[in-house]
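Protein chains in written order, with this note's numbering: chain Z, 58 to 650; chain W, 58 to 650.
Quick caveat, the hints were computed from the structure, so don't treat them as lab data. Mixed in with the good hints there might be a few duds.
Here are the computed distance ranges between Cβ atoms for each label pair [unchecked claim]:
id, chain 1, residue 1, chain 2, residue 2, range
1, W, F636, Z, F181, 31 to 37 angstroms
2, Z, E579, W, L184, 51 to 57 angstroms
3, W, F181, Z, R205, 55 to 61 angstroms
4, Z, F181, W, S245, 57 to 63 angstroms
5, Z, T338, W, H187, 45 to 51 angstroms
Glycine residues also receive a C-beta, built at the ideal position from the N, C-alpha and C atoms.
For reference, the chains in residue letters:
Protein chains: 2
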Amino acid sequence: MASSEAQHQRLSKKKALATFSSDPLSSVAYATEEILLILLLAGTAALHLSIPIALTIIALLFIVVFSYRQTIYEYPNGGGAYIVAHENLGESAGLTAAAALLTDYILTVAVSVAAGIAALTSAFPNLQPHSVFLCLVSIVVVTLMNLRGIRESSTIFAIPTYAFIAGILVMLAMGAWKLSTGEFTHISPPELPIQHSLTLFLLLRAFSSGCTALTGVEAVSNGIPLFRKPESRNAALTLMVMVGILAVMFFGITFFSHFHGIVPNSGETVVSQLARSIFGTTVPYYYVQFTTMGILILAANTAYADFPRLTSILARDRYLPRQLTSVGDRLVFSNGILMLGLASAALIVLFQASTHALIPLYAVGVFLSFTFSQIGMVKHWFAKRQTGWRKKAAVNLVGGVLTGIVTIVITVTKFSHGAWIITLVIPLFIWAFTCVKKHYVGVGKQLSLVGQNPEQYESPMQHMVVMPISGLHRGVVEAMRYAQSIAQDVRAVYVNLDPTATDRLRKDWDRWGKKIPLVILESPYRSVVSPLLNYIDEARAMNPREMVTVLIPEFVTAKWWEGIFHNQTAFVMRAALLFKRNVVVTSVRYHLD
Amino acid sequence: MASSEAQHQRLSKKKALATFSSDPLSSVAYATEEILLILLLAGTAALHLSIPIALTIIALLFIVVFSYRQTIYEYPNGGGAYIVAHENLGESAGLTAAAALLTDYILTVAVSVAAGIAALTSAFPNLQPHSVFLCLVSIVVVTLMNLRGIRESSTIFAIPTYAFIAGILVMLAMGAWKLSTGEFTHISPPELPIQHSLTLFLLLRAFSSGCTALTGVEAVSNGIPLFRKPESRNAALTLMVMVGILAVMFFGITFFSHFHGIVPNSGETVVSQLARSIFGTTVPYYYVQFTTMGILILAANTAYADFPRLTSILARDRYLPRQLTSVGDRLVFSNGILMLGLASAALIVLFQASTHALIPLYAVGVFLSFTFSQIGMVKHWFAKRQTGWRKKAAVNLVGGVLTGIVTIVITVTKFSHGAWIITLVIPLFIWAFTCVKKHYVGVGKQLSLVGQNPEQYESPMQHMVVMPISGLHRGVVEAMRYAQSIAQDVRAVYVNLDPTATDRLRKDWDRWGKKIPLVILESPYRSVVSPLLNYIDEARAMNPREMVTVLIPEFVTAKWWEGIFHNQTAFVMRAALLFKRNVVVTSVRYHLD
């Protein structure tokens, strides 16, 4: 696709909602379950606390979103946490936010795909042994779709997102109707053994697990340039609609699950149990399961839009290898997409596709980036001091302080269950970023022409040609002609492995050698390459001229695989010469039919 | 090791016996069992036929060996079946013999290693589930030992070979002693269900399975140049001693197994059962098992000496890629050794390390090569007609006809059990040999200077330089100096990906461009490589001169892995230019600290 088509690839609000909301909305498929799983440790009696925890999380969600809305208007070119933190709080803060977000994007893919396959295996338990395989297939499919380009993907992704929203809302409405008709009554959950007393720590752990519902809401602020004009307004509207739907679904699922005494079990998800108890095992039940799987697998797509965009920004700022900046033939950052696919597939294998095992690693990164981003905005308002800055600064300050506290709560309560991995990975990423930056700065200095003078480079370069040959044939004779056209001082070098062949060559040289001196090298250990390299080293040491051109005559077979029938000496020579200074390597090829 | 050390690597008779006899002698570890396994199909009553079958095989062995003795004297430089058949019967016969031998060498490794591990698991049944893994470890060890060089290996190999011979002979003597004292009495084998009537076909199948005992006797005739002087006499003597020992052990094991009513079972080998019944489960029993394993695993060594030697001869004659002729730093044919290791490891995995499953594939090749080799000798005597040629021709004729009949018997009786694979592989190998030969002959013709005249190549070559650049830096400026030293017509080519950067370059070019024309290429699809390639193609098409030198300025990072931080455009360019005619590729490298 041509660069000029980029504007047409922009997203309408409806499509943007589908693209960016699959991640946050899909988290309702596991957030309630993760809260219940922790509360369950304190026995059945603790389960009712899921309602206040869910309400707290929803409150937090609205605070974060109001805070983020301000960023969207202030950073219309994309106000990811990295940019906001970097600009307002400096390099370290920016890199911390970036590292935090990268870990979170990888986990978004792994958790979403694992939960999506769990929705499938809840409906079809005999697929459960194949979970890891099914997850990997899903990652491959999503990766390939993203390599093909964003607009085509979003058309496909709009359907499952709206289908999921419709399914869950109908389910909740049906539940409310049955509740009102008395068909649906309160059921007490089964009595289960108490493994842990109901401490504040346990409550906070349950809250931390539920906070995964907030992951993904930052996606809109990173993706503003993908919206149609006016970008900021469309993005802010989309964000508000999304959060409203999210709050309704999350509370609804939590409420009905508790009301109906649903308890997590390893074979079936909470949402599946809820759908089964509202609909029975009927067509609508399967509809909910399939759309849940659909939105979860496609939720990974949000990360596929954001991860490569963030790595390309980091690469542009020289914190990551510059290959990550290159937009592929289809206007996507292909290298970043592949990296994300590989990293999330590794997590799936490592954690055996268990949502529950992955959750403790999740959300640490996103809340850390929330915090840096909003504190950065506070600093931004203080620096700018335009009309109404105090109110705006206050909103961001509340958001930043709250998410900062939540970050600490999540890290502490989940530390021993996996969050420690993230506390190691984030500094490791930051270290890598700074190493890469240091490398590029160093290279830039060495290559820079600043302070240099063209006169220094005025004199023509002096060089001699060393031409290793394996015998006399047409390719070699052509190479000799080329050698004589580029230098006065040309030497052919031959390694004596077989005295008979050497004598024959010496004899033929008089006729074919074009007066080029023939140097015969001895090789007691039958190696071809090392005597040649020694000779080149001597030439470099003894020659007063600046450069040694090593001219390698090669013949190229008509079919590439026929190359295996010939010695790879040329290849070995090139590799061996790679790190030698003042050596130019020239390949003169003779093409065979 | 230096080439001059080759003579010191020659083998004494004792060491040669150890090196060459491990293959034939070790076959007694499974030959009897394979005969019994087939006879057992016709029920217990058929088992006594193992005695006449073993005697027939021993008679065949002596006929083959007398026939081969004549080859050893006539071909002191190594009279492998390939050489004898090729010289006397022509190319097709030679290639057939070679293909047959190669299949057999691979099977020697696979069968020997599988049987060796079976000896181990007979003594330690809890290792049985790990058979495949243990076989692969053995192959890796033997391969590595062979890569280190032959003499060192033979010193190591002498010990287990003699230890095995001693162990089996003591076991047979002990059996004979116990027999004479009446301590050891005849036991009837257990009654087992009859699955197959005792047909001539079944008898021939049992005979075919036992013929594996003859595999490996040809190794001496291939390896004559490895013997100390006088090579032929020493080789012939070694062969006779080896065959004598083989006959005694094979008959002894078959006799006592029958006498003691031993029946093959899947968990324990026949030799293990025999050793247990003669010695009890005592130290001597374990000694027999360990030395059996030792000689079998090391029997693979015979193939490791012969396979690379045969492939190097075939490569010298241009039937295989020439890399196989190159003797490594330690005077061994490293590539052949690696090929053999890989092929036999593949067989082990495919056939799950089961000796019994591999046996039907075995011996077809070796008997085919016996036949071609001896018929070749008959023709040789007829052509030479020196004193006593009639007698010599008669000996080889008897050998050739008999082994020819046996080849047919083996192929027919084992066809459906696996021999069909070999009947496919041998023609496939022959086809590959002729393709490779054809390729080399074709290349040789195209490169040959025969009929060419030096005057044709007199005129100096005309060329222009195209220098792709990614910007202006010190490396590029140095490359421009080099370019101006090798040609008059130099052009710098830049791909416009970012108009701002392009404008900056244009401005700087006036100062740094050394009057070299700067060509700016547009790239609507953001590709760097394809506009450059198009430009080079145009230059080739429009330029009246003969050659286009593509000069690629590169910078080399101080550490190789730092290369990943930079675009690999140079690498992609080189690969893309590989198949373009009249293009010389030159890399001018700027080294970074």
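Structure versus earlier hints - violations, ascending order: Hint check: 1 fails alone, others pass.
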